[in-house]
Each structure stands twice: as structure tokens, then as C-alpha cells.
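A.B. asks: So the protein sequences, as listed, match chains A and B.
Oh and the first sequence: position 1 is 1 in the numbering used here, straight run, nothing missing.
Oh and the second sequence: position 381 is 381 in the numbering used here, straight run, nothing missing.
These are computed hints drawn from the structure, not numbers from a lab.
One or more hints might be untrue.
To be verified - In silico BS3-like cross-links for lysine-lysine, where the CA-CA straight-line distance does not exceed 27 angstroms:
#1 B:K303 x A:K32
#2 A:K82 x B:K443
#3 B:K82 x B:K111
#4 B:K211 x B:K82
#5 B:K303 x A:K82
#6 B:K442 x A:K73
#7 A:K73 x B:K304
#8 A:K73 x B:K303
#9 B:K442 x A:K47
Predicted, not measured: the structure shown is a model, and the values here were computed from it.
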Amino acid sequence: MLPFTVYFSPDVFFPQNYPLYIRSVPSQNELKFHYTVHTSLDVVEEKVSAVGKSLADQRELYLGLLYPTEDYKVYGYVTNSKVKFVIVVDSSNTSLRDNEIRSMFRKLHNSFTDVMCNPFYNPGDPILSKAFNGIVSGMMVQTS
Amino acid sequence: MAGSQWELPPELCCRPMAFVALTGLDVVYNAVHRAIWDAFCANRRADRVPISFKVLPGDHEYPKCRTKRTSYEWYIPKGILKTGWMNKHLNLVPALVVLFYELDWDDPQWKEKQSECATKVEIVRTSLQGRNTKVAVVLIQKKTPLPPGEDLVASERASALCNSCDLSGKSLFVLPHTDHLVGYIIRLENAFYEHAQTYYYTEIRRVKSHKEFLNKTTHQLLFVRHQFKMAFLSELKQDTQNALKYYRAAYSLVHELRAHETNMLEIKTMAGFINYKICRLCFQHNTPLDAIAQFRKHIDLCKKKIGSAELAYEHSAWMSKQFQSFGELFDEAIKLGLTAIQTQNPGFYYQQAACYSQDRKQMAQQLCQAGMTYPSPDPLDTQSGGLDFYGQRPWRQGHQSIDPTDPEKEKMGILALQIKETDVPHSELIIALLSNAVAQFKKYKCPRMKSHLMVQMGEEYYHAKDYTKALKLLDYVMCDYRTERWWPLLTAILTTALRCAYLMASVKDYVIYCMELLGRASTLKEEQKSRIEKNLFKVLMNKVPEAEAECDPASVSAARSLWTDRMALSGSNEVMVDMQDYIPFIQCKARFQSPSFHVDQPIQLQVFLRADCPHPVSFSKLTVSLSNQEYNQWCVAESSGQDSMTLLPGKARCYDFSFVAKTEDVGKKVEMTGVEMMLGSDSGRCVFLSWRGAGGDAASTQEALQASRSSRRWGRGAEARQEPDWDSLTLQHSTMIISRVPKIRVQLCHQPPALTNEMYCISLSVQSQEEDVARDVKLTAGLKPGQEAGLGQSTHVTLDGSSVCDDNAPALLTDVPLGDLKPGEKLEKCVYMKCVSTGPRVFLFHVAYSIDTAVEGRHIVCKCHKVESPYVAGKTCMCVCVCVCVCVQFEPLERVAVDIPFLLMTDVVSSSPCPLLLSSSCLQLQTITSNTPQLQSQLQQVVLQTGECASECFCLRCPPGTSSSNTVATGQYVISWRRKSSGADSPLIQTTVSLPHVILESVPLYVYADLPSFGRVRESLPVRYHIENRTAQVQEVEIAVDPSDAFMFSGLKQPQGRQPDDASIAAA
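Bound-form chain B, shown alone (with noise of 0.2 angstroms):
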């Protein structure tokens, strides 16, 4: 009850519409009637004019119109507004008041029924007597109605109808009970709307002519109330403009009235009402700043009127109230598309009031005493059960003077609502505030504001003593404020966090928060943390810790009693604490030596723990959990002095592990899981520290950070300190396992360039430098993959190299098993690889072998290997160039004529840049035969350097009878070769090299002559000249003969003869 005093009325809040009252409607039984009452109050959509409805039978006693006044002079007004006023013209005076009443108009008993009807209709109008109601008859027919003025009979009985029951024309409808019924009711509803407007705007117009008989001096209540009332009939009237004008003047009158202590609450609570109107109807108006600004006003205004100084917290109350009722209409008209902003949205308005309700919550408790009695009889008791008007009191209603009238009833009031007060919920309320607010900011971006809000709810909850729920929401906003780095609002929130968890004697979180408390996040002071590090310690050693400052001492009793009882308890008395999530005071760096270990050396990690406590801190374990957890059992240290165990405050501390890496784990990764430390004692209670993987908690990144920053500029500070400087520590939180360094020499000795298609041997050597025999000896060896595609199909490697090996060898031999090495032993190995294509290439040598060795007093067997990789070029081992088919005079031939001897001339050129030995070469002909029965090769055993060519002749010729005019393929040349170099007994290599085609052409005449080696001076030369017709016909021939100065001519200087086919001549 007493929290609801400060709710408005609903029917302030409710949006007004114009009432009309529908009589003779006999909705029960009648199933007319009830059709005819479903059509009006069904389906009411905002395209419907806005009128409230109510059956109401025909004898209906309206609230009686008191006599009108007609002299204010003598009149003093009680109150501003009374308290039914609003409900009674929403829900109790009708506009309109309809009478339904079923009539045809051939109706048999027509003179009857229309006294009937008549009488009816008085009796509405007696109980509205004095109203300025109007009513309005219905006549329910059966029948469809004819156009107007073509039923003579229905006008003529319409006009006796109305001259029978006094009314006007406008007044009297009819509803034919058709299909068309729910048409016929929205006409009907539009014409009572239209009665109602007029009857409203008659209202205001009656309250309004009062307004001539007030005076300034006693009837100022009066002033504010007219304005009210009119502005309310306005919005019955629908008619928003003009409300909010005289709303807007009420709320100027309001404040003119005399306020002193008796009347304050009645002024603010009117005050309230009106700002609420208003603020609704500039929403409504799509006019939000205007709403705003009047708030705004309204609260400045109202802000510093507190009223009487006992009952102060009623003023947050209401303030309160002001508050959330605006940030409610806000969220309205939000909710019908309107627009808000970060800085200017209902959250603000929320938490506004949740601040408001807690300074009632303070005042109230500094102002309400427990223990008093309630005063009898009641003070607050009325004898209607309610207040005549808004905003009094209910010992002096009606009183309207400065000073009250009884100063010993006024006590016994103002104690009862004090008393009524102190059983008010304020933590609810002020949480349901502050919730309303936290999903306004979650929505409007501030994401700081909720994190603040949701701190007070925590806080509010810790009040309402519902420390689960405090505790809740306090962790979850914690971490924000760890990870925003604000540590004095850290601090406030822990501290608040560390009473709750003392409170519900949660162990857990007791110890959480007290880490946290002691850690370098927490600005507390040292004699706190001092105090906190005492319980915490009382903690693990299962005792009662001592009571948080500024607790409640009831609950402090029982937290003790809690304590006792858990303590009590055998078994659950270890806690696993997650370390990362805080930012604790005990903070911890591991890392291993180096980021990666021979298998051969012992594996060393260290960590790294420092306290940022006031006192010592002693510990009785730390553990190093790997990845590998059978080198766990290596990582632990235990207490067994009392002096290792215990951390310094302010001091790091380093504690050294090492082990020895598993064969294997070789090429495997270590790394750390976490690192564990045990505070307090299997006898007490066990608080396990752990920390994810290599430490750090949630500050040290930053920190690390900061400190790498700094030292890059203070470098030479960080050398001559002593300890190493804690923030610049690196975790290294794995480590790789590699092989043992190989103690053998691999030797490779090559002659590059490779040459294209040789067998090119590398040469390797393995000497071993071992004190131990290297067993297993394996040796890969091949083209090192991960290179370009094609290099896998165009390089063949092979052990063989006593002759060419085919496209089957592959392109790595893998682990060739090479045997044992002694130490000191050498061996040598021939490995042969063959390019088919140009280009560079790299290879590779993997030697191989295991070894027994040990470490640390430990035998491992280790594996070790050494790896070579040479780069080898290939390289074209010559170049050929064929310069074909040359006449006899050695100049080139474009065309080879057929069954005619050509010559082919082969070039070699060595572009190896070393000597090479050329074993022979071949012809390989297709088309075309040799014109000497044995083709002998010309270079055999030729050694040729670098860029040097040989040449080499071939006399062939075209068989007759190949078709003419077509290119042949002429053959392949062939050359062996090896390098110099080489032995007699390595394999010769084969080098094939096209010839090119030739264009062959048939010739007609063939003519060639015979002519002697040389001849002698004055002697005769005998020159013949074979004249060849090679065509199927006989051919004219002609000869002449050019003489030359160089000779004397003999013979036949001008033949002429007929060529028969296939003949020759012979000319001397």
C-alpha cells in the first residue's frame, strides 16, 4: 500500500475517450441486442472514432449533479482536485446516453410502443437530472428502411416519435437489423461521437464561465482546478491542442499557489499530474524535445520543494516517481517510432530514479526509527476508505491553512507514515530501476554506463542481503573493469564482492577475492591488505576469518555461525583457483631456458614467482604440468625447508627444473600446461593456485608491454639492477626437442656443371668423428624435393654407374644402408644421377645413424644426421648444328633434287667447359641412301674443348621414284661421347640430334661433267659432258659451247641433236 501511494492513477495514465452509455440493450437474452453490442465494442481499431462504451440498464442511477453553484463568495475549495473526478467522467457521466428500443414503423401497436418509448426516455432523463447529457433514441427495426422521404408513414410517425419524447430530429436513429449491420453501427457510432464533441465542448464551456466569479485571494485552488478539468474534457473532446494548453496553464498556476508544509504534497502531487499530461501529449504529439524541456523545467522547479523535513524521503520518493513515469513515456513513444540517442534516452531517466529511491532508502532509514509503536487509532485511517483529494493528508482533509490545526495529530500521522515506510521494499525497487535502465544502455551503446549500473545492482542486492545475486552480477562486471584497467573502481567492486562472500561464508570466492585484494591491482592501503592477508591465511590454516569492515553486526553473527559450521566439515577443503581470469597476489612467469633443446642436453625451465603481499607468503608445492605428462614427475618441488618455500613480498623468486627429453620426442614440441602451487597444508585447508600454461594473469601483457617500452629507452638501468626486472620477464611456454648434434664429417666432391644426359657422378665421403661406433649408417640421396614440378621425371639418380640408366631410376634413393662406422672411419661412396632436361637443381645428402650416449648419467640412444644439399647445374653438353645438304661445290641447297648425289655436312660444337671425347658418330638415314656403300664415321676418338667444332661430310642421294615436290625426314645423327676425363670404362652416352627435312624436286635434264683432277699447260683437257633426259619424252637439245680465254677449244662447238629419253651424250 505504501509503495503504490506514489503510482499514478490509472486513470491519469489511461488515454480519455468519450463515454457513452447504451440503454435498452438486453445483451443476456437477446441475441439481437447482443450481435447489435459484439458490432460496437468488437474489432475497435484506431481507424474507429475513439468512444468507451458501457451497457448500462434503462434505470441507471447516474452520480447526482450537486445544485449549481451561483456565488463563489462565501465558497473556500478544500482541495485541488478530488480524487473520483477523473474516474467519474471517464466511467460514470455519460456524453450520450442511447436508449435501444425495438420498432418498426408498421409496427400494429405503433400508439403503445411509442408511449412506452417515451416514458423510457424520461426516465433516463430524470436520473441525469441537472447533466447536460444528451440523449438519443435507437429504433431496432426489422425491416430495410426506405430512401428517405419515400416512406410518408415512417416520417410522419418519426416526427410524432420525437414530439412524444422531446427530442430533436438529429436525435432519433434507426437500426434496420440487416446484413449490413457493422456498417450501420459506424455510421451510428460517427453521429454519437459528433453529440458527445458537442456535449464536451458544453462542459468546457460551463467550466470556463466560472472562471468570472473566482478571486485571486481564496480561490487560487480553484484557478488550477478549472484549468485541469478543462484541459481533461479537451482530451475527452479529443481535442490534444487545446489540452495541452490549458494543461500547460494549470501547470503555471500550480506553482503560483501559496506551497508552505501542510499543502506541499498536494501541490507537488498535482504538479506531477499535470507535467505527466503534458509530457504524454507533446510524445504524442511527435514533439520530444518539448516533452524534455517541460520535464526538465518540472524538475528544476519541483526539485528543491521538499516539504516537511520528517517526511523528507517522500520527496525522493516522488522524485523518483517523476523520473521513471517520464523515462516510461520515453520508452513509449520509443516503442512507436521514435527515435533516441546515446546521450538522451530512457536509461537516463531510470537511473535518475533508481538514485532518487536510494536517497529515499537512506533518508528513510535515517528518519524512520524501528521499534516505534503504531499510534492508535490509525491517523491514516479515513472514514470512505480513501482521500477526497489528491495529495492530502489523511488526518487533515481538507485543511488549507499554514499551520496544522492539531500539533499532537500531526505527530501520531507523520509517525505512522514513517513506520509504513520502513516496511517498504526499497532494494526491489531500486533494483527494478536500475534493470529497466541497464537494458536501456545495453540498447543505446554504453556498454561503461551498464557495467556502473549493474555494480549498484550488485550493491543493492549486497543491501538486500541477496549476496548470491550480488555476487552474480559483481563477477560479471569485474572483468570489464580489469581488462578497462580502472583499479580503484576494481578495488570498490572487490571490496563489496569480498563482504558478500565473507557474509555467505563461501570459501571459494572468499579466497578469489582476497588474492585479488592483495594484488598490485588493488589501491587498498597496506594495513588493509595487511588485514585481508591475516584472514586469508586464518582461511588456510580452516579457521574463522575475522568480519569485514562495515558489515550489518546481525549478519556478521551469522556469517560467524556459517563459518563455524564449514569449517566443521570435513573433506572439500581444496580449492582450485584459476589464476589467468585475475589479478592476483601471487603472480607467476615460467619459461624455458631456450626455445629449443638438443635430445643430448638436459631440457631446464624455470619459474618465476613473486608475491605482492605485505607478509611472507609460504607455500608447500609447485607443480609444472607439460605436454608430455610423463616428464611431470621432474617438475615438482615440495617444502622441505622452510626458508625455499617462501615468497618475499616485493621479491621475485626463480625455481630451476630440468630434465632429460625422451628419443622419442625428437622433433616434438614441449610445452607447459600449466603451473600449480599449493598454498596452506593438507592438515588445513589446500588452495590450489593454477595457471594455464606459462603464467601471466590478466594485467601482465600490458605489463610487459610497458616494461618493453621503457627498457628499450633505460636499457643500460635494467643491466646494473641485480634481479631481473619482473615486468620484462618472457614467458616461453615451449620448447622444441631437436636432434643431437652429429659429430661426422659428409664430404661431397663433384665437378659441375652436369651435363645433359650424362651419368654425373658425386662423390660422397662420410668420415666419422664419433668416440663411439655409429651404427646404422643410412645415407638418402637424390634431388631434394619441394622443387619445381617437372625436375622429379627429368633427374634419375642411381648407385650403378657402369652403364646409362633408363627413366625408371628414381629421382631419391632413400636410406641406403651404408653399415656400422667405426670412429675415425672413412667411407666413400660413388652416387650417379642423370639430367634429361637443362636447368639448375639442388640435392640432397641425408646421412644417418644412431648412436648410444648419455646424458646425465642416463644411456639414450640418439639418432643423429647430417645433411648436404649441392647445387648442381645441368647444362647442354653440346650443341649440334647440321648445315645440310651442300652441292658439290659446298655452297647450301635449299631443294634436294632426286636420284641426284648431294653432300651433308654436320657441325659438332662442344659447349661443355670441359674437354670432351667424341667415341663415334652415325647416320641414321630413312628416305634417303648414302651414295658411298659404307658410312664411315670421320671423328672417331676426337677430342674436343671448349667451343670447338667438328666437322664432318656425307655424300647421299634421293632413290628415284619418291614423289617429287615433298619434304622427307632425312634421318637422326647420332654421337657418342663420354668426358675425357672419365675412365675407359664408363659409360658412353648417346647423343641423337634430328637431321632436318628436305624439300625434294624432280629434275628434267641432268647434266654433270667429267672433268680430270688437274690438267697441264698446253696440253689438251678432255672435259665430257653427260646430257641426262630424265622425263618420259624425247627432248630438243641445244649446245653451245662459250669458249674461255684461259683455253683453245677443240670438238664440236654447236651441236644439236634430238634427246631420246633416258640417252646421254657424251661432248669432248
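Just chain A, same shape as in the assembly (with noise of 0.2 angstroms):
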């Protein structure tokens, strides 16, 4: 079993940090898996800033692992304006290395974009694509 967290904040236009989109597997003690999301959105804060004051305009939109728990991997993403993107996996899970996570993260960019530009969607609101939701259980099945 993977748990498997994938989230979403705007940024650029609300201060908050609330999620978009949010899935986990296994569904069970999922609310320990919302907790891990939002307590590494301190990690991912923190990174911004720090690259921020240095050079804005170059900056690797991946953040790479945020922080190590006893039980879990937190790898961030941070778009150009500011959406954050979190995966939490198994840290048994061995298979899954930076540069499968780093494609996994492109990947739901792309997808992300995608909603994005769907003039019916309203940038803030909750992601329901299913497009958007197909990806990222594409992306579940392929690594669990």
C-alpha cells in the first residue's frame, strides 16, 4: 500500500494556503495524511522565501524532499505563481526516486495547467477534472 497525497494551494491570489485537491491512498486515516500536507506547507514556505530573496526568475519549481518522518517521504512542487504541489510516500518505498517524483510533479503541472485554462472552471475553486483526477490515479496505480 502507498498513502499517497497530491495537493494544491493558490498563492497568487489568496494568502491562505487551503487545499485544491487532495487524495490519498489508502482512504483510511486520511485526516493523518491531511495533517502531514499541511504541517510540511511550513517546509515549502520557507524554501520560497529563502530562494526568493536570491533569484527569483531561475528558480527550480521542484523542491525535492521537504522533510523526512519515521514513516514518510514529503517531496514539494512550487509553481511559478506560487501553487504548491505536495507528494507524500511510503519511505519503504524504495522504487520511487527523485527523478520519477520530479517527472510525477511535471506531469501534474501539465494537468494543472490544463484545468487552468478551462474558461468554465474558477481559478480557486475545488478541482473536480476528471481528466485532472484520471492523471493522478494513473500516477497511484503506476507506483503502488
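Please assemble the complex out of the two chains, which come individually in their own frames, going by the hints.
C.D. replies: Dropping the structure here:
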């Protein structure tokens, strides 16, 4: 079983960091993942602000491993418009290396861009797109 | 006792220091000895050698040394490390015993004293039988010793003493008891330290030498033990690098041991000890990354070594302790100057420790059934009262085989441990760890982690049944989650908080949490919401609510009786809830219909309410309070019929209020200070929901923002909907009361531009269009305030147009009473103003009156006013250009000769757009006098059109005697004028122009000719030249006349003569 959570929060539009999309496998003990993702934002914010001071333009979107816990690894990714993506994986899962995680983020980012391009989507609303959901499900199946 | 089982022993955690015993000192009765002892133990700062001193009596019994084993062949070790070993080497077995003895070199009883000293040394040696402990002697002397080599007696006696005591020369010291005690002591100390180092060095060698006797099959435990001992002795020797090396070797050996259920605890305990030492030394060597790596390795290796399933909680307890002690080490290193970062700080270790403690609690709850009787005899009781080896079971000490010896005994032992575990205050431990972690995360900028841990603390308090503290913590973090808009997390916290409130029977908290859980931010399922709403209604009807799910049955029954008591209490059944801080299930948005109302209109305001709960909600009262409390009476809605005060789920409802403003409030703002809604009834329990201002709650601002974004796109969709879109409803919490619209016509008539200094007339006509008499009509006219600063001084306004006003007239006339105005009546008034300077200015005409009127059947007196602001440009009326001083030939003069007449010419050019009538003009001369007796103006009654010029000429003369070659003020030229269009009675305006200054010069000879005004052809033309000498001397003149072709010439052609002064010659 692979716990896996995806999360976005638009920061360009709102100061808050509320989730636009969150999904986890297995679905039991989901609350714990919510907390994990929420607390990881501390690190994301710190990293983003640290980078912002030096070189804002050529920022690497992928933030890498945010922090290790006993059971999970938390990875982060921040788009130029400060939308945050977080992936949490089981720390026993050794098949996912940095490169795999990075490409997963890139895929998510592309799909998210498609969602934003939808004229019927109102930025800031929860993401209900089937296509996006499909991409996420695909990644989850692939990695488990 | 059970809690402290996991604590690391203090002898492990302290910094090992060489142990030196001092004997022969009587610190109680001997002042000198006391001073020596104090010098040893006081002020032990970091720069002094690390030794721990102890005063022992001369005949002290040191721990007995067991006979040295010559062969390990038949020896089977019973455990890894004896519990007493570390303490023995830290505090019981000295590296060096120092014997203090008072003896001067020239002591008269030298022989006796020498042998007494030898006896004392012998006693010490005997009690140290078999140990390698060094012995040293310190002679306390009263005299200062001579430099070495000079005192022959001393060196001789010293060697004699060494011989008799069987001491080497290096072990005999002299301590003169003089002024420099501390200096001597420090030197002694350093010598002791060297001895101690040698001792520990030999000890290490001795332990090392055992190795060759060991074999890998039976003596595995000894490998670990010996490495540990070598490491510990190295630490005592202050050789931390080697200590670390030995500890690391010990650590890998301990994991090579065959682990099975019976010795798992012992292995883990020892692994934990060694790991602690390694991490501690790594931090001490300032290699924190090594420490972290070692700790991670340790955790990874030990994580799966759970041991006995019946005592699985022990593993969690041990893990928790590992994390906690590492956290403490880390924290200590930070205090000594290490810098930690956000993602690597002690907080994570405390947090993980808390996490394992929670596991421990859970497992303990599963494994340890309550109600078992404690076995007798106590299997945990040992003969010595403690354990022989670290990490062993009391009932089978020293047992090292795979299977337990006695299954029955084993069972009893486990049961005893389990029963002990039930007494452990798990929650306390967890909370202590969590609060440690909170403190760390606060330091390393992790606000969300901090909130998360505080939630856990709150939940732990809830489990520990300390509901007050739980609520306090949960309430504190709730608002963080509310502003972060993480609804699932907020809902989870609220659910716990609701349970607490229920179990405490705290009505207000219960109501608040119910309301928020019913609200739109809650992610609870519909049936749960429905249950909560029913409970809320029960509370409102003063009944006991149903118990929350997942509560402890015992606590529920206690809570039920609490609730019953609370309900029985009369009074205090009103609860005020401030809604703005929450996201409650009833939303409120209030607004004034318009941002401003005229005083003769009723003020309308609307309150929109919406319920998000699954069942309809009825309320009994709705009030709006306003900044002027007199209006509050009009803004109350009370339930009369059932229907009107019921909110249907998901439907917005609007309540309209209207009232008439007071005339005193014209120009003031009316604000909503709050909206209050009463749930429940007086018979049951009332809950007042109050919103500050015009409603809204913790989430509504964000929703409005979101709605505004979507309505921009979906504007057409919103129009199509019947109901107003709730999210896009905006609050309008204040309105201005403005005065009634005036029904009068104010007209201004004037002819711009205004000319400088002119009495400019603006005629004002006021016509009433009211249906009633306008009373107290008042006019305020003049310069509009707030323009350029200087304009106030250069503008004057008056009502009196008959004469030119002076500079005292004000710039603004205020409240000129104009009397009453009947319907349709017209009133006219002229206002005159005078502008002294040019430039544009704005005037203000303000007509105010009062009138009786009725609004919604109420008579009020309204004050109305109308404002007109004409724009007037001040303009120069005319340009007076003076071409001064022309001679008779009308050529401009640069200088004026004294006492010679000259002409002054003036040009008056009109730049006014309307024709001007010049009434008169005159010269006001100063030095210069007129050549003609009567100066008559040549410009009387001249009309000048735009751009036309009027010229005038005066003949002037500068009187003799004025000092020459000087500039002289000529005088002023005054023109009186008025507009041609103005009446004959209107005042004349005087414009004064200063004439230019002239330069005077005196002429020595003045020649002028008398010529007839005309001559006839062929007739003689008599010309007479006057030559005047103006000087005081006689002048010689020669006159030559040049003939002209047009004239024939008669008379003297070349007269010559002497000119007396002031005589004139006439030539014809």
C-alpha cells in the first residue's frame, strides 16, 4: 500500500493555503495525511521565501524532499504562480527516486495547467476535473 | 517506578571524570585541611583538569577486587554489563589515592613520623588489594621549601621516606601551607591527573588483554562488555576519540549477538546505551551529522526488534526514550552553540518520541487487561532489590538460553509487568514530549507543525479527561485552521472539542461547536449534522442532549448527570455567542439599501439570513442595533406567526426594516453596530447569536472574493437566477443621512470678467418651487474657501454697491437673512465684489432655508440648501502706458533739464472686453511743477473700446534750484472710470499709476528761439534767438548762422560778445 497525497494551494490569488485537490490511497487514516501535508507547508514556505530573496527568475520548481518522517517522505513542488504540489510516499518505497518524483510533479503541473485553461473553471475552486483525476489515479496505480 | 524503568541511568549520562580519593584530611575539625579541600573542590571551571575528588577516611574499604581469572574456558557470562560497573569506576574505585600527612623536613620527631606515614600508606595499599590504583603522599608543611637541590636534609629525608613507604619519587609531593595555596593545589592537581591517566591507560590495556582468551561461540557477550569498558575507561582518561572508536566497535558487536525473545530487551538496552554515548561524543566533537547518521542507523536496526508480543508496548516505550534522549542531546548541543535548521531540529525527535509514546499507550491498553490480580510472590522482586545486569528480567537473571526456564514463572512475570504498565500516566508523558516539540517548532518557524502538535496535545488531554485544558488548546489552534481554510482538519478538531464540551456539560461551548459543525465549513456527513442539530435543539429546549459518539461510557454517564444538574439550575440560561469568530450554521449579511439617504426619505435596511443546517431553524427575534440607539426600536423583528421566522436549509431569507432619520442627524453617518438573533425561547434556553457590524463571519470575506471572481465570468448566469446570489451579496454597514433636495431655483447674473478694483456686481435671484413657505432664507456669498491663500486678502465682498468698499470688507459674507419665501415667489439680491489682484477665483453662493414636511406621516422640519459656484476671472481693466518727457519736437527725452519746460504724454489703453467710460484724469505732481497754471484733463467723458488708446499731454517744468544729476519722482497719474454700461450712480473707480522717475541735469547755456507760427513768401521772417547763461561766471559766446537755401538772410552773421551771467541776447 502506498499512501499518496496530492495537494494544491493557490498562493498568487489568496494568502491562504487551502487545498484545491487532495487524494490519498489508502483512504483510511486520511486525516493523518491531511496533517502531514499541512505541516509540510511550513517547509515549502520557508524554501520559497529563501529562494525569493536571491534569484526569483530562475527558480527550480521542484523543491525536493521537504522533510523525512519515520514513515513517509514528503516532496514539494511550487509553480511560478506559487501553486504548491505535495506528494507523500511511504518511506519503505524505494522504487521512487528523485527523478521519478520530479517527472510526476511535471505531469501534475501540466495537467493542472489544463484545468486552469478551462474557461468554466473558476480559479480557487476545488478541482473536480475528471481528466485531472484520471492523471492522478494513473500515477497512483503506477507507483503502488 | 515503571515509568523510570526506561530512563537512562545517570552514570551513563554524566561526563566521566577521573576519580581521585583524598585521605588523611580532617575537613571537619582542621582548618588547614578544610582550606586545602576547599581549594580542590571550589571553582572547578573548564580550565581545570577534569577530576572528581572525594575525601575518604584513611582506612576506607574500597570495593574488593575479585580474583583474576586465568582462563575463560569454562566461564559462561550471564549478561552484557553489570548494573554497578559504571558507578564503581566513577565513584568507588579511585585511579589514585592521595595520602595527606603533616610533616616538615626538620621535624624533631622525624623518625616516628616517617614510620607512621609508612603505616598509613600500608593501610591504604591493603584495602586496595589487587587493584592497580596508584598511591601518592602529600606532605603538608608549614615552611616554604627551598629551591630543589639546596636543601640537602630535605632531599635525603625525602628519599628515606620514599623508601620506607615504598613509593617512587614521583609520588611524593610537598604542599607548603602558605599564601599561594591555590597555585600549589593546581600544580598538585595536574600531577594527580597524570597519575590517573596512567592508571586508566593500564586498565584499558588490562581489559584489552582479555580478548585473546575469548572465543566467539560462548563469549559473545564479553566482546561487547570489553569494548564498552574500554570505551568508558577511555572517557575517564578523557580520550574521547578512542572512546568513540571503542563505542562504535561495541555497537556493531551488540548487533552481532544472537537475538531472541529472552535477551531482546538486554540487547536493546545496551544498544541504546552505546548509541547514546556515540551520539553524545559526536555532538561533543562538533560532528552533528555523524550523530544524526548514527541515530538513524540505530533506529533502523532496532525498529523491528520488537521482542515479546505480550510486552510489545515495551518496545514503543524504549523507542520513545531513544528519540527523546536524542532530542535532548541535540537540544543541549544547540545550547552550546550548534545551529539547527527548520527541517532538522530537536522538535522532530520529540515529536517522534511522543508518537511512540502514543503507540505505547494504545498497545498497553490492548495488552493489559484491567482487573487481573497481581501475582504473589512478586516475580519482579529480586534479592538485591535491583538487577545484576542491565536489561534483564528480574525473574530469570543471568539466564541466557533461548527458552525461558520456567514457563509459569515467565507468565507471572509478564502479567506483573502488564499490571505495572496500567499505572503508567501515559498521557502525561505524551503531553510533556509534545510540549517539548511545540517549543522547538516554535523556535524553528514551523507554525503549522506547532498547531498540529497542539491539536495532538489537546486530544491527549481529552483522553486524560482533562477537558478544560483540552478545550483551551483546541480552541487556540482552531482559528489557525479556520484562516487556513482546511475544513477537514477543522471539522476533526471541532468534533473532539464538541465531545469535550459535552463531557464537561459546558453549555456555551457545546452550542458554539454545534453551530460550527452544522455550518458550511464542516465536512461532516448529513446524518451526523442532523444528529447534532437535534442535540442543539434539545439544549435550546433545556433538555439533555444525546451523548457524542466514541465517548467513554463511564464518562458519558457522568456527563449526563452533569447536564441534568445544569438544566435543573434556574437562571443563567442565556448564552451570548459572538459569531464573527466562527463559521456558524446561520449566516447573516445586512446592508443599507443605499450608501446615502435624504432626510425626507425613509432609511431602508435589509438583513439576509441563511441556514446551512439540514433541518429548518426557527428563531424568535431579530434585532439590528445602530450607532444612534434611538433608531433601534424600528429594527426589531419578533416572531408572530410561525412561518416568518423560520429559515429553510440552504435558502436565504430577507428581512426589511425602515425608519425615518432625525433631522439632527443630517450630515452624519448611521452605522450598524451589530445584528442579534435569538434562538430558543425564554421558557427554555436562549442563545443570542450576535454579529458585529453588518454580519459576515470568518470565511465570508474569502467567499465574497471568490464569488466576485466568478460573477465576472458568469454575470449572465447570476441574473437569470431568481434568488440573489448569496456569496455576491455585499455588506453595507453604514449610510449617510444627507439633507433634503432643495426645491428652489437660484440664478446668478453677471458679466465676466471682473475687472481689477471694480465693484463687480453679481445679481442673484432665488425663486421658490416649494409647495409651502420657505422660512429663514439665508444667503452666504463670497469667495469659496479653500482656494489659494492670498485670494482672501485680495477679494472683498459687500452688499452695498453705492460706494467703493475698502479693504476691511470680508471675503465671505455669511448668513445674510433674506426673510421668508412664499411658494412661487422670487427674490433678487445684488452682491458686489472687488478684486484687488488679478487671477481666477471661485465664488460661493449658498442659499439655505427650512421647511416643514411630512415623511411617512411624520412631520419634520427639513433644512435645505442650494449651492452655486460661479467662476470669475479677475482682469486688469486697462493698461496705462506713459511715454514720458518729450521735448518740443516730441522726441523722447532721456534726461530732463532743470528749469526748462518739457512735455509729459500719457497713453491709456483699454484691455477690458467691455467699453469703459473715462470720467476724468489728473496729475498729482511732486517735485516737478506744471508749466501751465491750470492742469485740465483732456480725457473727460471719453469712451474707450477694447484696445483703444487715449493720450494726453502736459507741459511741465522742473523748478530751478533742484539738485541736478539726480533722479526725481515725478508723481502719480490718476484715472477715474467706470463701465460704460453701469448706471450714472454707480461709483467711479480710481486707478492710480505711478509716473516714472526722471534723471535731472542742469544746462549751462539755454538757447531758445522765438519763431512765428508761420511765415509768408517774400516777406521777412523775424527769428529771435535767446541765449541764456545759467552759470555763475561770464561766458564768451560766438554765434555763427548758417544760411539756408530757402531763406535770405539779414542781420549779424557772426556776432561775438561776452555774456554776463543771466543776460540774454536776442538776435533777429
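A.B. asks: Is B:K303 close enough to A:K32, meaning Cα to Cα at most 27 angstroms?
C.D. replies: holds, 21 angstroms
A.B. asks: Given the hinted pair B:K211 and B:K82, is their Cα-Cα distance within 27 angstroms?
C.D. replies: Holds, because 18 angstroms separates the two Cα atoms, which is no more than 27 angstroms.
A.B. asks: Hey, A:K73 versus B:K304, does the alpha-carbon distance stay inside 27 angstroms?
C.D. replies: holds, 19 angstroms
A.B. asks: Is the Cα-Cα distance between A:K73 and B:K303 27 angstroms or less?
C.D. replies: holds, 17 angstroms
A.B. asks: Does the structure keep B:K442 and A:K73 at a Cα separation of 27 angstroms or less?
C.D. replies: holds, 22 angstroms
A.B. asks: Can the restraint linking B:K303 and A:K82 be considered satisfied, given a maximum Cα separation of 27 angstroms?
C.D. replies: violated, 38 angstroms
A.B. asks: A:K82 and B:K443: Cα distance at most 27 angstroms?
C.D. replies: holds, 25 angstroms
A.B. asks: Does B:K111 lie within 27 angstroms of B:K82 when you go C-alpha to C-alpha?
C.D. replies: violated, 47 angstroms
A.B. asks: For B:K442 and A:K47, compute the direct alpha-carbon distance and say whether it is at most 27 angstroms.
C.D. replies: holds, 17 angstroms
Of the numbered hints given earlier, the model fails hints 3, 5; all others are met.
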